[in-house]
Amino acid sequence: MQNSRDVSGAPARNTLLSAAIAAALLGAAASQAAPVTVRGTVAGSLFTPPVNASNPANSTASTTVASTYAGAKVCFDLNNNGACDANEPNTLTSATGSFQLTSATNANVIAEISTSATNNGSPAAQRLVLRTSAAGITPVSPLVPATITVTPLTTEVVRMMENNEALGTTGGATYANAKASLAQRLGVDPSVVLSNPASVTGAAQKAILAESVVLTNRFGFAAKMVDRADPSPASLKVNPSNPTAIQIPEAQQVAMNVEGIPRYDHIFVIMLENKATSSILNSPFAPHIDAILAANNQFTNYFATGNPSEPNYTALGAGDDFGITNDDQWNCDTTTTVNGVVTPTANYPQDLPLPDKNAPGLQNSPFTTVCNDTPVVNHNIFGTANLFNSATTGGLAWRTYNESMNPGQDARTDSIADTAVTAPDHVYAPGTLAGNITPVGSPTLTLPLPAGLYKTKHNPAMAYQNVRSAPEFKSSNRTLGGGQWDATLLHTSVYSVPAGYNTDQFGSDLSSGDIGALNYVIPDQCDDMHSITVSGTDSATGHSATASDCGGVGSGIDGGNDPAPDDKADNIMARGDSYVQYLVNKIQTSAVWQNQAKREAIVIMFDEGGATFNATAGTTFDKTNSCCGWVPGTSSSNPTNVHPLIESPPGSGNFVPDTTVQNYGAGNHGHGNSIFAVLTNQPNAPKQIKDSDAYSHFSFVRTLQDMFGLSDPEVSASYVNRSKYTESFIAANITNLPEYMGSADTHFDAVRPMSHAYAIASGFSEKQSLDESVINAGTTTNPPGGNAAGTVPPQLGPDGNQTNIWALHP
Amino acid sequence: MIRQLIKAAVLVAAFAGASAHADTFDFSYTFNGAGGLGGTITGSFQGTQNGQLVTDVSNVSVVFDGTAFNGPLFSGTSNSDGSLSYGPSAAVISFNASQNNFVFADSNDPQANGVTTAFLFNSTAGFTNAFNTNLLANNTDGDDATGQWSLKEATPVPVPAALPLLASGLGFLFAKRRRRAA
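From first to last, the protein sequence lines stand for chains A and B.
Numbering of the first sequence is given in the working numbering, commencing with residue 1 and proceeding in unit increments.
Numbering of the second sequence is given in the working numbering, commencing with residue 811 and proceeding in unit increments.
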């Protein structure tokens, strides 16, 4: 008698019973020498990237689903090198991602996922190695498998243990603590954080999948470093001339610390307007900012890249101003009119629906299509890589939070005046405004909502057609509360208020955690120190009057340098200073910030300083107005042979001039020094660190790409636009970069991450923009407590220490 | 008539052969390969067949992907409470695999201490596993009990107790044929 049975169709049933057996044996003291058997699944996420086209009709949002990897090689990594070596017990995962494996000794279990493996049936997008900790395996018996999972999150726990990270817990980076810390960071229960994502539901699954996507990219980058045999950083320290190749465990640490910039969960970039460093430091009108600078970290030699606002915000979105030198709206000159016939140009916006003054609700919009610059420069940037598309492609969200928008307005238009929305003037009692001895402001002055509190020129995402066309664009531009007119904004008479309109989505998002990885926080033009004309009628006098603290024009020599320190140009600085404090308090008291397992940072910065760039060619004025990826020289000379570089063909590493950008040489000339403060929520992070190396908006854009794991330092093209202009890149492409051919200081002219890696030479006096060192020197008096312009002394020699301002711990 | 008598004799002999006593059985299990490397375990044991089941398992031998394990192997089973039981009556092996619950291991410790070689098949819990940790990498495999299982008697020869009965039947038939011929 014989029988033969193919049991392949039998369901893999009674997993629970298997687990029960395992659990029952848990208490039994298995010998350390006994073999270990594990069974489980290699799981993760299948991320379908967005399509970021310049036409909304061709754009699609990203999707993410739980997934399993089939055909992955799983092994006990006995020597912990992150690779399945020949002598290590190994197997392959099934079509469902399952595996079973026995080893004579316990060790981390890893899964080598090659591109021949599949992720939910599709070829794996990139090679990566996932790991799970031996400490997470409870050896039951070689005959009773322990159930485990191998996922990006189990890998992160291993990485955290190896890097001694377990914030929010006590007792060190044990397996349990690292797991608890990761769960706390994601806001999910520790019992599910390392589960197969398919077995988790609801908000917990969403959080796990979002993290899985980010980690998959980071660990994919780690595998890439290993595959190309990048030198081991640890080995480089020991043997700089002959380092060993990096292995997975170290590479996974490097992938979380690209160019020395650690991964942060969220960054809030508070944007202020038009003040030079010397205007803020020690000013009686900026006590809060000065206190923040004193208590936290500061980049002391940070340069704008253009003038006026729009080129700077454009540069903050994608590391280039594309030759823009004024504030014309993004859709200007996108049509031509010949004999009365209007014809779209190549730059005609393809936004759907396009904001139109004739469309319902936009009749009063200041939407204009006329460019004022001569010669014409394109303000609608097509097909260009930028931070926002890069973020969504990396599975990350972005936001701009904008104050004092009209409820119901299109974010692609400036806000408009509304007489139905009013607010009382701000009144400052004696002693509350830089030591004022008389009240400032009128309690009987009522101010209708002025036009232009929200300006598209101050939105870093606005210039980019492929960002405006992205499915998430509308929902990513949100409201910011705390404005003077918030209380009556919903009384608007100019637009229909959408149902459920929230005038402070920022506050709500801080509570719910629905914030972006990258958040530009953009006060209105009264709270950002910019200033606009705000006037109303004073009921006491019956006369027209202007607001107490939103008048004047920020000159860059306000504050303590101003001979009349209580005029309205100074008052707006005090107003902006108070608003910064409001925002910082709001962020720092949020649950997001208080959760120290999350890494949160606030940047307080200005779009530009006060130094002008349009001085006579060849004078010293033009040599220190910016740095780091700028175009040295003068805008007046507008060199026509300066062009942006694009990789051609894509992926080749070969860069050629893009001659399609009109009048490109007019831009990127800089506008001087300004304040750049960094605050973090990390309890062990260094504080009161100053980094005096020269940085620019391009440096910051590069830093953000590193921070969010969006780029590869070995691949220049992975950095957007001029943020790729490192010293080595400039040297390699010097024949196509005529603006750098005469560079006498390649360090100053080149872009680098803001990681404090460079030690300024002993005896070297730092370069300052002219508003710090020349322009205003000796032109004003020095009021008590304030710097005279030009009296911020340049730093001599290296910084006191070389600590990285973004570091998470000493 | 003669055909009926032959059938009767064979049935009697077969009935006697199916009675409870030790036989030698050959088995093989090929892992499904989808969740591992697709190795094959072969071997033999002595046991007592009772319908679909074989129990009283002893004298186990196992070959891992063509490599014989040299040494005594203990047979046993994993219990629903998670413990392991060893002994001649512990292992349960079925022809159709559905009731398989057996362990062949080179240690009979209830906690499997000291085990370096084993083959386990637990249909109830839904997994199989084979390993020889002395041979490491490619000599371990496991799946969800979804591979190819085969079990058969090693030598389907009638047992001695059935032979006299068969001989007498055949003798009777021979005598009857001679009388008719005469």
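Because the hints were derived from the structure by calculation, they are not lab data.
By construction, the Cβ of each residue, glycine as well, lies at the ideal position given by its N, Cα and C atoms.
Hints are not guaranteed to be accurate.
Some residues of chain B that are not near chain A, with every Cβ distance over 10 Å (derived) [claimed, not checked]:
(1) His831
(2) Ala832
(3) Thr852
(4) Ser854
(5) Asn869
(6) Asn880
(7) Ser888
(8) Val902
(9) Gln921
(10) Gly952
Computed Cβ-Cβ distance ranges for the label pairs, DEER-style [what the hints assert, rightly or not]:
(11) A:Ser648 x B:Asn944: 54 to 64 Å
(12) B:Ala832 x A:Asp189: 52 to 62 Å
(13) A:Arg228 x B:Gln909: 32 to 42 Å
(14) A:Thr174 x B:Ala878: 23 to 33 Å
(15) A:Ala95 x B:Pro920: 44 to 54 Å
(16) B:Ser895 x A:Pro810: 51 to 61 Å
(17) B:Ala878 x A:Pro240: 35 to 45 Å
(18) B:Asp836 x A:Ser199: 50 to 60 Å
A few chain B residues facing chain A, derived, Cβ under 7 Å [said to hold, decoys possible]:
(19) Gly853
(20) Val913
(21) Ala922
(22) Asn923
(23) Val925
(24) Leu930
(25) Asn939
(26) Phe941
(27) Thr943
Checked hints:
no.: 1; hint: His831; result: 14 Å, holds
no.: 2; hint: Ala832; result: 15 Å, holds
no.: 3; hint: Thr852; result: 13 Å, holds
no.: 4; hint: Ser854; result: 13 Å, holds
no.: 5; hint: Asn869; result: 19 Å, holds
no.: 6; hint: Asn880; result: 18 Å, holds
no.: 7; hint: Ser888; result: 6 Å, violated
no.: 8; hint: Val902; result: 15 Å, holds
no.: 9; hint: Gln921; result: 5 Å, violated
no.: 10; hint: Gly952; result: 3 Å, violated
no.: 11; hint: A:Ser648 x B:Asn944: 54 to 64 Å; result: 58 Å, holds
no.: 12; hint: B:Ala832 x A:Asp189: 52 to 62 Å; result: 55 Å, holds
no.: 13; hint: A:Arg228 x B:Gln909: 32 to 42 Å; result: 54 Å, violated
no.: 14; hint: A:Thr174 x B:Ala878: 23 to 33 Å; result: 44 Å, violated
no.: 15; hint: A:Ala95 x B:Pro920: 44 to 54 Å; result: 35 Å, violated
no.: 16; hint: B:Ser895 x A:Pro810: 51 to 61 Å; result: 57 Å, holds
no.: 17; hint: B:Ala878 x A:Pro240: 35 to 45 Å; result: 54 Å, violated
no.: 18; hint: B:Asp836 x A:Ser199: 50 to 60 Å; result: 41 Å, violated
no.: 19; hint: Gly853; result: 15 Å, violated
no.: 20; hint: Val913; result: 6 Å, holds
no.: 21; hint: Ala922; result: 4 Å, holds
no.: 22; hint: Asn923; result: 4 Å, holds
no.: 23; hint: Val925; result: 5 Å, holds
no.: 24; hint: Leu930; result: 5 Å, holds
no.: 25; hint: Asn939; result: 6 Å, holds
no.: 26; hint: Phe941; result: 4 Å, holds
no.: 27; hint: Thr943; result: 4 Å, holds
Consistency with the previously given hints fails for numbers 7, 9, 10, 13, 14, 15, 17, 18, 19, ordered from lowest to highest.
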